[in-house]
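> Listed below, chain by chain, are the residues.
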Amino acid sequence: MLYYLDLARRSFARNRVLTSLMVVAIALGIGTSMTTLTVLYLLSSDPLPGKSDRLYHVQLDPMGKEGYHPGEEPHLQLTRYDAETLWRARRAKHQALMTGGYGVADPQRAELSSFRVDLRYTSADFFTMFDVPFARGGPWSEREDDARARVAVIAKELAEKLFDGVDAVGRTVRIDQHDLVIVGVLERWRPTPHFYDLHTGAYDEVEQVFLPFSTSRELELERSGSIDCWSETGPASTGLHAPCVWIQFWTQLDSPDEAAAYRDFLVSYSEEQQRAGRFQRPPNVRLRNVTEWLDFRQVVPSDVRLQTWLAFAFLAVCLLNTVGLLLAKFLRRSREIGVRRALGASRRAIFAQFLVEAGCVGLAGGVLGLGLAWLGLWVVRQQPEQYASLAHLDATMLATNFVLAIASSSIAGLFPAWRAARVPPALQLKSQ
Amino acid sequence: MSFGPILSALHRHRTAAALIVLEIAFTCAMVSNAFFLVSERLNRMNRPSGVAESELLVLQVTGFDKTSKAQAQTQEDLAVLSAIPGVREVASSRQVPFGDSSWNTTVKLSQDPTQESRVNVSTYLGSPNLFETLGLKLAAGRDFTREEYVEEADALATPNTTRSLIITRAVAERLWPGQSALGQILYMGNYGVRVIGVLEQLVRPDELSGPTHFELSVVLPVRPQLKPVDNYLIRTEPERRQEVLAAAAAAIERRPGRLVVRQNTLEELKNKYYRGDRAMASLLVAVCAALLIITALGIVGLASFWVQQRTRQIGIRRALGATRGQIVRYFQLENFLLATIGIALGMLLAYGINQLLMERYELARLPAQYLPVGALSLWLSGQLAVLGPALRAASVPPAVATRSV
Numbered sequence: 001m002l003y004y005l006d007l008a009r010r011s012f013a014r015n016r017v018l019t020s021l022m023v024v025a026i027a028l029g030i031g032t033s034m035t036t037l038t039v040l041y042l043l044s045s046d047p048l049p050g051k052s053d054r055l056y057h058v059q060l061d062p063m064g065k066e067g068y069h070p071g072e073e074p075h076l077q078l079t080r081y082d083a084e085t086l087w088r089a090r091r092a093k094h095q096a097l098m099t100g101g102y103g104v105a106d107p108q109r110a111e112l113s114s115f116r117v118d119l120r121y122t123s124a125d126f127f128t129m130f131d132v133p134f135a136r137g138g139p140w141s142e143r144e145d146d147a148r149a150r151v152a153v154i155a156k157e158l159a160e161k162l163f164d165g166v167d168a169v170g171r172t173v174r175i176d177q178h179d180l181v182i183v184g185v186l187e188r189w190r191p192t193p194h195f196y197d198l199h200t201g202a203y204d205e206v207e208q209v210f211l212p213f214s215t216s217r218e219l220e221l222e223r224s225g226s227i228d229c230w231s232e233t234g235p236a237s238t239g240l241h242a243p244c245v246w247i248q249f250w251t252q253l254d255s256p257d258e259a260a261a262y263r264d265f266l267v268s269y270s271e272e273q274q275r276a277g278r279f280q281r282p283p284n285v286r287l288r289n290v291t292e293w294l295d296f297r298q299v300v301p302s303d304v305r306l307q308t309w310l311a312f313a314f315l316a317v318c319l320l321n322t323v324g325l326l327l328a329k330f331l332r333r334s335r336e337i338g339v340r341r342a343l344g345a346s347r348r349a350i351f352a353q354f355l356v357e358a359g360c361v362g363l364a365g366g367v368l369g370l371g372l373a374w375l376g377l378w379v380v381r382q383q384p385e386q387y388a389s390l391a392h393l394d395a396t397m398l399a400t401n402f403v404l405a406i407a408s409s410s411i412a413g414l415f416p417a418w419r420a421a422r423v424p425p426a427l428q429l430k431s432q
Numbered sequence: 433m434s435f436g437p438i439l440s441a442l443h444r445h446r447t448a449a450a451l452i453v454l455e456i457a458f459t460c461a462m463v464s465n466a467f468f469l470v471s472e473r474l475n476r477m478n479r480p481s482g483v484a485e486s487e488l489l490v491l492q493v494t495g496f497d498k499t500s501k502a503q504a505q506t507q508e509d510l511a512v513l514s515a516i517p518g519v520r521e522v523a524s525s526r527q528v529p530f531g532d533s534s535w536n537t538t539v540k541l542s543q544d545p546t547q548e549s550r551v552n553v554s555t556y557l558g559s560p561n562l563f564e565t566l567g568l569k570l571a572a573g574r575d576f577t578r579e580e581y582v583e584e585a586d587a588l589a590t591p592n593t594t595r596s597l598i599i600t601r602a603v604a605e606r607l608w609p610g611q612s613a614l615g616q617i618l619y620m621g622n623y624g625v626r627v628i629g630v631l632e633q634l635v636r637p638d639e640l641s642g643p644t645h646f647e648l649s650v651v652l653p654v655r656p657q658l659k660p661v662d663n664y665l666i667r668t669e670p671e672r673r674q675e676v677l678a679a680a681a682a683a684i685e686r687r688p689g690r691l692v693v694r695q696n697t698l699e700e701l702k703n704k705y706y707r708g709d710r711a712m713a714s715l716l717v718a719v720c721a722a723l724l725i726i727t728a729l730g731i732v733g734l735a736s737f738w739v740q741q742r743t744r745q746i747g748i749r750r751a752l753g754a755t756r757g758q759i760v761r762y763f764q765l766e767n768f769l770l771a772t773i774g775i776a777l778g779m780l781l782a783y784g785i786n787q788l789l790m791e792r793y794e795l796a797r798l799p800a801q802y803l804p805v806g807a808l809s810l811w812l813s814g815q816l817a818v819l820g821p822a823l824r825a826a827s828v829p830p831a832v833a834t835r836s837v
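First to last, the protein sequences are chains A and B.
Letter by letter, the first sequence follows residues 1 to 432 in our numbering.
Letter by letter, the second sequence follows residues 433 to 837 in our numbering.
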C-alpha cells in the first residue's frame, strides 16, 4: 500500500499540471454541489423536529357561490369569525389563532428613538403548542385572552435593547402608544421555515412582540401579511363579520384518530354554517400537518432547487472530465503495466495500484472541495436573502460532504483502474 | 484531408473518445439551457415599469398622531416636502412599485355571480398629484380632475362615491380584447366604475399570481386613509436624488413625532426586487464559464496524451512528406469531429433538460436560436484547446520516424 502511494506520488510529480487540473475539477464540482445541497437542506428542514406530524393547519371554504368550482383548494387563511369560533370550541388538545402585525415601539428612554417592530397577535396555546423556549416568565393565560389583557411576550433581543439586561418581566413595552405588561421573554427561537405564517416571508425571523389577538383587535393595531376579501367590506376588512380571510389557525392533534375526529368536526361546522346561510358552498376543509403544509406551499424557492440540479450536473461533467483524463494517464503507462504484469503482478495488484492513485486525486479534490464549500456558504451568507444567515455546515452536511467526496472519487477512479488492470502483459513489451 | 485515418485512430481510443464526446454533450446542453435561463432573467429585469424610475424617491414614514385630523398631517408633510429645493412633485401613496405591500382587488364585467370575466388587479391610491409624481403615461383618455377625488373613509362608507378609474392597457386587453376600454363600466365588489383613462404601463408591487399579472393595476381617485406607516413619493432630477432624499428625510424627522422608517431611491427598491434574478443570472454565467474551461482543459489533456502516443506515427507522416500544417489540421479536424458528435448529442440532451425544466419550473420551451450558442461556444473552445497540442505535434521532427522507441 505504501509502495502504491509512493508510485502515485511519482506519477503526480511527472504530470503536475494534469494532476492539479483533475484535483481542481473534482474540487469545483464537489464545492458547488455541497454549497447548493447545504442551502437546499437548510431550507427544507423540519421547523419542529418530533412534533411537526402532530401540528395541523386548518382551512375552511367560507366564500360565496361566485366563481365556485367544486373541489377547488379553499382559501389558505380563515375569517376572523371562523377562527374565533373554532378557537372557542376547543375541540383539539391545543389550538391557536394568529396573524402578523406591526407597530412603532417607543423605548421611553432619551437615548433611544422609536423604531418599527413586527408583532404577532395570537392566543395562549401558541407557546405550548409550538414548544417555544422561554428565557424568563412564560406565556399569558387563556383568561387573559378572554379579558383582552394588555400583556406581551417579547423576544430576547428586544428585551436586551429596551432594558439593558435588567429582567424585563413585569415591565412594560409601549407599542403605538399603548402600554403592555411583559409576562415572558423568549429564548432565541428561529423555526425554519417560518412555518406558522408563510405570508410574512417563508424564512423570516420570528416576530419581536407577541400579544393576545383579542387585545390587538381592541387596540386596533395594524395587521400585516395577506388579506383576501370577496365582497364589499364596508368600513373594516378586519371586523368580526367581514367576508375576508386573514387569520392562520393551528391545532395540535396527537393521534390519527384525533385528527380524523377534528376533520369530522370541521365538516360538521361547515355544514352548520351552510345551514345558517353564512357559507354558501358545500363543506370543503383541509387539515394538513406541518410537513404536508410546507410541501403543499412549496416553500423552498424553485431557484434553490434549480441551483442544486445545476450544481450536480456540473459535478457530473467534472467527474466525466476526470475519468477521461485518468484513463488517458493510466493507459499511457501501458508499457509500465505490461512490464509489471510480465514480472508477475496480478490484475488485482495493478487495479489496487491505480485505485490508490485515483483515490488520492479524489481525496485531494474532496478536501479542497470542502474548503470551496465553506467559501461558497460564506458567499451565500453575504447575499441579501432572508435565509442567508442560516447557511452554515452542520455535522450532517459535513458527513454528507465526505461521503460525496469519497463516492465521486471512487466513481472517477474505478473505471480507469479497471481498464489499466486489463492491459495484457505480453503485448506491451513488443516494440511498437 | 480525408476522415478515414481520423476515424480509425478514434476507433482505437473509443473509450476516451466517447468520454470526451459525452463531456462535450453535457456541457453543450447545459450551456444552451443556461443561456436561455439567463436571457429570461435579463428580460424580466428589463421590463418597463411605466413610472419615472430614475427620478423617484420613496420615504416610508411613521409616527402620525392618530387623534387629530389625519389628512391635515399628510397635507402638512407634503407641503414641507415640496418646499425642498430640487423637488419637482410629491405625493402620498398607499403602495409603491417594487415596494413590499400590495393592495389587490378583483374587477369584473358585470355583477352576475356566474360572470367568469374577472381580473385580479393591484390598486394605487394616493394624493391627487400621484399621477404626475409617478410620471405615468396615458395611452388614451384623461387623468382625474381634483373634483373626482374622495377620502378613503367616505369611499368605503358609501361605495358609490368612486365613479371613475384609470386602468393599464394590460387590464383593458384582458377585459375588452380588441376594443376601446374608454367609457366602459366595470365592477369592483358590487358597484360600478367607469374607465376614464388607459395607461401604457404601471407595474404592480407583487407578482404573487405569476409574471403575466405584472402589469395588472388600476389607479383610483381616492385619498388613502392615514396608516401608522405611510409612503411619500418624491420626484426630482436624477442627479440630485441623494441630496434631495437626505434633505427630505431630515425635513420629515423635524415634524412632530415623525419617524422615517426607510428612505430609498426607486432604483434601489427595483434592484432589491430583482436581486434574486441577478444572483441567479450571475451564478449561471459563472457555471457556464467553469464548464467551458473544464471541458477545454479536458480536451487539452486528452489531445496532449494522444499527441505523445502518436509521436512515431507523426514522425513517419512528416518523413513521408506531410507538412506541419497538415499535422495541425489533422488534430484540428479530429477535435472538430469529436465536438460535432458531442454537440449533436448535446442538442438532443438540451431539449431533454428543457422538457424537464418545463415540467418542474414552468419554464418556456427552449427557442431554437439558443442551440447555436452552445454549439458555437464548444466548437470555439474545442479548437482553442486543441491548438496547443496540435502545434506541439507539428513540431515533431521527421527524424523521429527512424528511431526505435
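Simulated from the structure, these hints should not be mistaken for laboratory data.
From the three backbone atoms N, C-alpha and C, an ideal C-beta is built for every residue, glycine too.
Among the hints, a few may not be true.
Quick list of simulated restraints, FRET-style, between CB atoms [to be verified]:
(1) A:157 - B:532: 34 to 44 Å
(2) B:688 - A:375: 33 to 43 Å
(3) A:90 - B:578: 48 to 58 Å
(4) A:14 - B:751: 53 to 63 Å
(5) A:174 - B:791: 45 to 55 Å
Residues of chain B clear of chain A, computed beta-carbon distances all greater than 12 Å [stated by the list, open to error]:
(6) 445
(7) 459
(8) 475
(9) 569
(10) 638
(11) 689
(12) 704
(13) 726
(14) 741
> Let me make sure I understand: some of the numbered hints might not hold for this structure. Which ones are they, in numerical order?
Going through the list in order, the structure violates hints 1, 2, 4, 6, 7, 10, 11, 12, 13, 14 and respects the others.
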